[in-house]
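Taken in order, these protein sequences are the chains called A and B.
1 is the number of the first residue of the first sequence in UniProt numbering; add one for each residue after it.
1 is the number of the first residue of the second sequence in UniProt numbering; add one for each residue after it.
Treat the hints with care, since some could be wrong.
[Unchecked claim] Under the rule of at most 20 Å between Cα atoms (straight-line distance), these lysine to aspartate or glutamate pairs were calculated in the DMTMM-like manner:
no.	chain 1	residue 1	chain 2	residue 2
1	A	LYS114	A	GLU124
2	B	LYS270	A	ASP147
3	B	LYS270	A	ASP120
Hints are computed from structural coordinates only; laboratory data are not their basis.
Predicted, not measured: the structure shown is a model, and the values here were computed from it.
The lines below spell out each chain.
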Amino acid sequence: MKVQSAMFYFPEEVIEHIFSFLTHHPDRNTVSTVCKAWYKIERLSRREVFVGNCYAIRPDRAAARFPGLRSLTLKGKPHFADFDLVPPDWGGLAGPWIEAMARSCPNLEELRMKRMVVSDESLELLAHAFPNFKALVLVSCEGFSTDGLAAVARSCKSLRELDLQENEIEDRGPRWLNSFPDMCTSLVSLNFACLKGEVNLKSLERLVCRSPNLKCLRLNRAVPVETLAKIMNQCPNLEDLGTGSLLADQFSEAYVSLISALQKCKKLRCLSGFWDASPLCLLAVYPICANLTGLNLSYAPTVQGQDFINLIQHCVKLLRLWVLDSVGDKGLAVVASACKELQELRVFPSDLFAAGPATVTEEGLVAISTGCPKLNSLLYFCHSMTNSALITVSKNCPNFTRFRLCILEPRKPDPATNEPLDEGFGAVVKTCKNLRRFSISGLLTDQVFYYIGKYAKALEMLSIAFAGDTDQGMTYVLNGCKNLRKLEIRDCPFGDGALLADVTKYETMRSLWMSSCDISLRGCKALATKMPSLNVEIINEWEAEMEENLNNGVAEVISNNNNKHINNGNDERKVEKLYVYRTVGGPRTDAPDFVWTL
Amino acid sequence: MEEMQPKLLDLIPNERGWGVTANDREMVIGGGFGVREEKKLELRLGLPGEEDWNANRKKTEGLCANVKPSFSLGLFGAPQTKQEAGLVTGEAQKIQAKADKQTSIVERKAIAHAATPPAATPLPSNSRAANAPVVGWPPVRSFRRNLASTSKTVLKPQKWASGTCAKFENSTKGLFVKINMDGVPIGRKIDLKAYDSYDKLSSAVDQLFRGLLADQRSEIGTEKNVEEKGRAIQGLLDGSGEYTLVYEDDEGDKMLVGDVPWEMFVSTAKRLRVLKSSDLSASTLRTTSRKRAATEC
């Protein structure tokens, strides 16, 4: 009795204080399920909310549950939208979220969005609704223009971070840079590298002058070397720099001032940009290479061959490197010998389609694995790969958490043995116990999925293309990968049997994507019927079927979201694209005509 | 429509082409260039004679529309090399990808007139025999796709002594705008830089939507619709046809396509629409003469 009453008097403030040490949102999710009291305390004290699928919950409900929220992260379209597999106007609208936050969470300070559609109107609203707004990070978003950026710049008085990564932004002129307040700004991080248009250079210089806290600045291609030098003279404390166009004549004033400016930036740790970099400008960079931890040359096809080698051999502290495959196996060998601390490597294809001279192959990867044992994150596009190389790589680097290998030609076997690459990828999952993200390619049978299901216990995200033989492949994965959250599949022979093998599994996952597989409408309907807590959406670019009583010459094709089209036809029709996700928000209300929720 | 289905399936090894042997794979991946003789003869779907293969392909596609995902193309008609450059949604590559699984003459032709990837300039078909493009493959974001084609461009340093604006030319980069058509639920994207005149644009729009529109109509299921397949969408520019091409400019106004010089059009057009001519009214469009007068002031 006494113990019980003592527990009743346990002050909430103490619990709240304890919770404040929990920042990892899965932990917070867990404590909120302990009891009602903890649920209430947790939800009122939660400051950061992560919504991995913007359709998993209605914005109003999220805002109501977490009225004190300060930081919101949202993800919209499925990952394969990056590769044009999701039609435009699919959804992922930021508007409803920003509106809900404006109504219920006026203390919002940070908004991070990925693959969402944001309008200028929403940005206007954001700029006015949140007086303490500090950070806006948009990754792979679209739907807005520089006018929206101007609104944010103008009205967010305490803006610290404006980070635009690979967005589709409509260029309405360079005026937006002028919109920042005239007095000192609080900017710490500004990234507009993805803007395609002109920049008002004077405005940019002035902005930098009045932003004393600037630590991260990423310019777009329109900014020339002259301006870059001026800017860097203004911010010797810069830690992260994305250059503009690095094209300069040898003895030009611009080049000389760039060299002296760079030398002053002792804190520079991360470099990117390098658009059109001339070898001479690269020379200017050598003095700071020794301290670099991050280097992104993946937009610089001009940096290759000996230029690359000369540059990279100085970068002995490098942790993250992004390059194009034009550096070749030779370049990668130099990386392996110089960058012993390397943790993350991404090698992007420079020429997507022409079967030109071999650029990187399995040799480059093996060299890297031999020289850089700390490697834990890999994205590698290559023309060929062998089983023995993969086995060697996994032996050398057992710490992979992210392993994505893309062999450019679909279904290509091991060229040495003509066999599938099951054993190679199997070795990766066997050895790398902490593997969380995996993308596989090349010729693969059901066997690789057997390995994945058996060994990849920590796996959270799996991307499959042009692989497998039968439904059994997908079934292995669904049955075996206990921590699977996202599964995306394209062009594989998995059918209804695989889809329905373990329907409750999808409730434990964020989402499933299947396109160009062998599933039918009947199978999808069965899934929808069995699992009402999932949204089962099919995306079809079939001609919408006409109602029988329409006999005039031109049919009214604009369909609505009713079920006439789904139910009047043949259920054996193959479904081209399927997107399944768990949700408490019910069917989407904003689904376009070509998205059918079953 | 349905009677075509068994014929096609009979001709595919293992019905779906998934379980093909290594040899078959070479064929598939080789974009059909390694076609074996007997396949060539068996799978001939169109009429003999190559001059009319465009129409035949469309017929095939339309008929195949509801068969399998491999065939559910729902697309426009024959791809022409130049126009293909402008099509971002990858529908053309979809034909490509599905066609890879088949080895009919009709689809080989499709491959020969290969759709190029969205941002790259079209290359002769032979050079891409090894890697016939598939939609969304390799999995790189559009930012990087564009890089592959623009890397050849060298920036010309402009005189920026005035220090106000830096301009850079990037002539090989595509300019994709959305285009919607009345009666077609899904919009497309089209690359304005791929064309240099209104006629070419009009022809591209025709190609883009012709098959789609015909397929919409064919759902009604009367025989005469078979003839309607491939009926060209004409008169887009002069108001004489059933449809008219309009665009939305950077000020949000809807304008008739064709009134301003081509270059001006490309630099101001943000979005295209193909409207039913009967739906056009004077109020929905600003007359260009008024607008021009305004800008000239």
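Handout entry: Numbers of the earlier hints that this structure fails to satisfy, in rising order
Key = Per hint list: zero violations.
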